[in-house]
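K.L.:
Could you put the whole structure together from the sequences, leaning on the hints where they help?
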Amino acid sequence: MDKTYNKHEKLKSKKLIDQLFTEGKSVSVYPFRMVYLETIFEDHVPFKTGVSVSKKYFKKAVDRNRIKRLMREAYRLNKTTYFNNITTPYAFMILYIGNTKPTYNHVEQSMNKLFKKFTNVTPKQTIDEKTT
RNA sequence: CAAGUAAAUCGCCUUAUCGAACCAAACUUGUUUUGGUUAGGAAAGUCCGAACACCGGAGUGCAAACAUAGUGGCUAACAGCCACCAGCCGUGAGGUUAGGAAAAGUGCAACAGAAAGUAUGUACAGGUUAUGCUGUAGUGAAACCAGGUAAACUCUAUGUGGUGCAAUGUCAUGUAUACCAACGUUUGAGCGCGGCACGUGCGAUUGUUGGAGGGUAGGCAGCUAGAAUGUAUUGGUAACAAUGCAUCCAGAUAAAUGAUAAGGGCUUUUUAAUUUUUAAUUAGAAAGUACAGAAUUCGGCUUAUAGAUUUGUUUAAAUA
Numbered sequence: 001m002d003k004t005y006n007k008h009e010k011l012k013s014k015k016l017i018d019q020l021f022t023e024g025k026s027v028s029v030y031p032f033r034m035v036y037l038e039t040i041f042e043d044h045v046p047f048k049t050g051v052s053v054s055k056k057y058f059k060k061a062v063d064r065n066r067i068k069r070l071m072r073e074a075y076r077l078n079k080t081t082y083f084n085n086i087t088t089p090y091a092f093m094i095l096y097i098g099n100t101k102p103t104y105n106h107v108e109q110s111m112n113k114l115f116k117k118f119t120n121v122t123p124k125q126t127i128d129e130k131t132t
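The opening position of the first sequence corresponds to residue 1 in UniProt numbering, with each subsequent residue numbered one higher.
These are computed hints drawn from the structure, not numbers from a lab.
Please note that a few of the clues may not be correct.
Unchecked claim - Label pairs and their calculated CB-CB ranges:
1. Lys59 to Asn84: 36 to 42 Å
2. Tyr30 to Tyr5: 39 to 45 Å
3. Tyr30 to Lys55: 18 to 24 Å
What the hints assert, rightly or not - Straight line, CA to CA, 30 Å or less: simulated DSS-like cross-link-like pairs of lysine-lysine:
4. Lys68 to Lys15
5. Lys10 to Lys117
6. Lys56 to Lys113
7. Lys14 to Lys68
8. Lys101 to Lys55
9. Lys116 to Lys25
10. Lys59 to Lys7
11. Lys116 to Lys15
12. Lys116 to Lys56
All figures in this text were calculated on a predicted structure; none of them were measured in a lab.
Note that beta-carbon positions come from the ideal geometry of N, C-alpha and C, so glycine has one too.
P.N.:
Pasting the structure below:
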């Protein structure tokens, strides 16, 4: 997997996003919250990821754009270290739940923590699902 | 010089690494390669005016509601812009104005004043038997004759259908089936023919196929070559118009136009040194580098904006 984040890796389907929020599980490391769900994609992409910032805390479009860009960048550069070993396809939605404008370093560190937590959590759950 | 004043322009740059979207070409037809393009002056507020689309009426008049309001011009249109007149502000350059009508009617009016109008007080004088009456004084912008106010109602003139690209059109996976047709199934309720049975016709139910309808997820069109931009000439005081030449300049949709690092500008503060005091130059340090992100498209208006630049123009008094 390369350090890319193109059209096919973006979570776009409205249907899937609704499903994600109703059925998905979540891990959170401040200031992020990641909702995830196991699915199968028609175009055989391993992961699809979306990014979201609340309009409630950031009223200006410029600020929202900036934060989303930082998040996408952090995802793009760090996903290879965590997700290359995972074979099951997942849909992700990463939410920014803080209320201050972050710096890039801050975003990257938090994102790393978030992914670590995710990789620790997921295998257990899959085992649980199989047993029960 | 300094302080204004009016108008216009710009609004960080370079390099490296890793990326995103769209378009074109190529072939090895791909999550390929190569090339090109990729946010603003306000993209913002959504306040006016249009284009375009659909709905309604499809004609005319009146009324209501809303908007506009000096005169003339510009414009596709406008509540916009330009010129001129008038009032007000400023020494001035200049700024600013909801600048139609008070002899149609209704209302309102601070302070002062007895009273701002279903009034007639006080003092003095005149007059009278006396009162009513007449004059003067005092308040105020205005005292019975009217005036002010229409960013009060109102009147006059002019204009105005509604909803908005989530408009609208089109393709249509899947799902469900009140619809229609054909064929078929059955422990086939019930009904008709018949005295009853068999039989036969209709048929609730159910299956398959086809059609029609509906229009969800999603795709495509609308979707960017235009009242376009730049430039020159001509006409016009100007807004603006005409003509010639050149150019193609974002099209995303959980929403691209980026991230990081290094260096350099610019501004402010501060330290040191030098020079002719104010100040300037050089070197170092610290901080800052705005407002803000297209979403159908144009013309305006309004609001936000670190800092920089250019041009025209004004300066009374005081001080040097």
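K.L.:
Has the given pair, Lys101 with Lys55, been kept, meaning a C-alpha gap of at most 30 Å?
P.N.:
13 Å, holds
K.L.:
Has the given pair, Lys68 with Lys15, been kept, meaning a C-alpha gap of at most 30 Å?
P.N.:
22 Å, holds
K.L.:
Please work out if Lys10 and Lys117 have their alpha carbons no farther apart than 30 Å.
P.N.:
This hinted pair holds, its Cα atoms lying about 22 Å apart.
K.L.:
Taking 36 to 42 Å as the stated bounds, is the beta-carbon spacing between Lys59 and Asn84 within them?
P.N.:
38 Å, holds
K.L.:
For the range 39 to 45 Å, tell me whether the beta carbons of Tyr30 and Tyr5 fit it or not.
P.N.:
23 Å Cβ-Cβ, so the 39 to 45 Å window is violated.
K.L.:
Starting from Lys56, check that the Cα of Lys113 is at most 30 Å away, please.
P.N.:
Measuring from Cα to Cα gives roughly 25 Å; hence the hint holds.
K.L.:
For the pair supplied as a hint, Lys116 and Lys15, confirm whether the alpha-carbon distance does not exceed 30 Å.
P.N.:
28 Å, holds
K.L.:
Is 18 to 24 Å respected by the C-beta to C-beta distance linking Tyr30 and Lys55?
P.N.:
Given range 18 to 24 Å: holds, Cβ gap about 20 Å.
K.L.:
Taking only the CA atoms, is the gap from Lys116 to Lys56 under or equal to 30 Å?
P.N.:
Holds - the C-alpha atoms of Lys56 and Lys116 are around 28 Å apart, at most 30 Å.
K.L.:
Run the distance test for Lys59 versus Lys7: straight-line Cα separation, threshold 30 Å.
P.N.:
Status holds; Cα separation ~27 Å.
K.L.:
Would the hint linking Lys14 and Lys68 be met if the CA-CA limit is 30 Å?
P.N.:
Holds, at roughly 19 Å.
K.L.:
Can you confirm whether the C-alpha distance between Lys116 and Lys25 stays at or below 30 Å?
P.N.:
16 Å, holds
When the structure is compared with the earlier hints, a violation turns up for hint 2 alone.
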